[in-house]
Amino acid sequence: MSLLQVKNLKVNFGGIEALKGISFNVDQGQIVTLIGANGAGKSTTLRAISSLVYPSEGSIYYEGRDITRLDPQKIVEMGIAMVPEGRRVFSNLTVNENLLIGAYLRKDKAAIAKDMDHVYDIFPRLGERHWQLAGTLSGGEQQMLAVGRGMMSRPKILMMDEPSLGLAPMVVQDIFRIIKRLNEEGMTILLIEQNANAALHAAHYGYVLETGHVAMQGTGRELLENRQVREAYLGKSAKR
Amino acid sequence: MIDKLLPCLLSGVSVGGQYALIAVGYTMVYGILRLINFAHGDIFTAAGFFMVYLAASLPLSLSLPLVILLTVALGFAVERVAYKPLRSAPRMSVMISAIGVSYLLQNLMWYITGGLAKQYPVIPWLSTSIAIGPTSTKIVTLFTPVLTIILSVALVTLIRRTKIGMAMRAVSRDFETARLMGIKIDSVISATFIIGSFLAAVGSVLYFSNYTSVTPTIGAMPGLKAFVAAVFGGIGSIPGAVIGAFVIGICENIIKMLGYTTFSDAFTFALLIVILLFKPTGLFGEKISEKV
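Residue numbers (the working numbering), protein chains in the order written: chain F, 1 to 240; chain V, 1001 to 1292.
By construction, these hints were calculated from the structure, which means they are not laboratory data.
Please read all numbers here as calculations on a predicted model, not as lab measurements.
Incorrect hints may have been included.
As the list claims (entries may be wrong) - Reference excerpt, derived from the structure (chain F facing chain V, CB under 10 Å, subset only):
1) Val76
2) Arg88
3) Asn98
4) Ile101
5) Pro124
6) His130
7) Trp131
8) Gln132
9) Arg149
10) Met152
11) Lys156
No residue lacks a Cβ here, since even glycine has one placed at the ideal position from N, Cα and C.
Using the sequences provided together with the hints, build the complete structure.
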């Protein structure tokens, strides 16, 4: 059974159907990516899973339980964390505090401290700047902080919304390296990307979203080799 | 001159302390909701009436904590009833709701009291006179600034060092991401109103121990001045609001000492205009671009 199952999910925004009934599965231990253009409904899907928006129809199952319309904090508590689009670190909090607030619902102080050390181990740059206000970090560092903050709730699934957005190519490589490392450590990852090439290379399985539908699905490799995907999403980069 | 200056400064820091306790409520609510809580001055007044009615039948040892409890409950209820349902509405709607609550509270107080000024009970310890050098003053005059500073330091420590404080800072910056961390923003907002109302209740006890009579609209002027203090200090900043309040309290009393009592209120509002013209973000205010 899949760790996360989304079935026929529909979301409306003021009369406009942003999601027109999409279904997909995320299996334990995998990196699953949703790719697609702006407005295809990728972010809305993640926001619905996090309960930031409520679907009008459809269901979300996590470990076999229906979690549709649970409170956002319940979702975090159960083990689904989100790294939101645009990083959204708390610029008025220090790096340390941003990580601590990621563990807001946890009470196990010793384990929290251990997990912080682990985050600083993965992102040494953050460790060097642990006392700085998050607002003073560079874009790439803020993205790393956002990922670290997401890890601090000890999720079973980490959802990432466009982690490579607006970052220099070198930093994008770093981010994808880290995504793979987290996955190797056992984290299941649901990744949203416009950078389809990088996402499909990293992912075990992918879904292509088009205007609120799942247009195609397949393993990362299958989608990379698919002619339609190459023309629509990979552009010249596919010909390498 | 010198023998006039000492009582003038004393009374300045005392009045400033009273303004500060109200101003913190304004500035905290603004920091989190970007809302000027127009009802805050009326909650301060209500605290005064709570004391008048409670002290009529109960000993002070009971009525004092009850006043604080009731004021906190009132602040909490106002937020739940009038602001929470408008959480996703445009900010202007919440602002108008706040004005509505302000008039509702004032009218309720007119209705209940019949519009007559009520005598505030004498709190023996606070009203005792003591001599300082050549002058004498009530203990409350000395006690107010001391208590204000203690409470402000405690509050700033709470916000900087505790988990709920961290949550408040996070919520003040970004509601949605705070929810993604598992923070219940409604609880954090309630906590803000509870703290603000608590301080307003303490402020009202100190204020009315000086001015002795309570009317339904008496909170308007100290409320407005506290608001100016919050703007002066940089709205959203707690130390700013406290310092702003002390500056205004001291300036008003210096003007009174110089014989221009008539102009002391005008000065405060002239100060507001000057701040808005030359330093709209106040002393410690940060430049925050509109939330998207």
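For the hint on F/Met152, does the least C-beta distance to chain V fall short of 10 Å?
holds, 9 Å
Does the closest beta carbon of chain V sit nearer than 10 Å to the beta carbon of F/Lys156?
Given a least distance of 15 Å, the restraint on F/Lys156 is violated.
Satisfaction of the F/Pro124 interface hint, Cβ to chain V closer than 10 Å
violated, 24 Å
Once the shortest beta carbon distance from F/Gln132 to chain V is found, is it less than 10 Å?
Interface hint status for F/Gln132: violated (15 Å vs cutoff 10 Å).
Given hint F/Arg149 near chain V, where the shortest CB pair must fall under 10 Å:
Hint on F/Arg149: holds, closest Cβ of chain V at ~8 Å, below 10 Å.
Can you verify the interface hint for F/Val76: is its Cβ closer than 10 Å to any Cβ in chain V?
Check passed: Cβ of F/Val76 comes within 4 Å of chain V, closer than 10 Å.
Does F/Ile101 meet its interface restraint, that is, does its C-beta lie within less than 10 Å of any C-beta in chain V?
holds, 5 Å
Chain V contact restraint on F/Asn98 - CB to CB distance below 10 Å
holds, 9 Å
Satisfaction of the F/Trp131 interface hint, Cβ to chain V closer than 10 Å
This interface hint is violated because 13 Å lies over the 10 Å limit.
Could you check if F/His130 really has its C-beta closer than 10 Å to a C-beta on chain V?
With a closest approach of 15 Å, the F/His130 hint is violated.
Chain V contact restraint on F/Arg88 - CB to CB distance below 10 Å:
holds, 4 Å
Going down the numbered hints, you'll see the structure goes against 5, 6, 7, 8 and 11, while the others check out.
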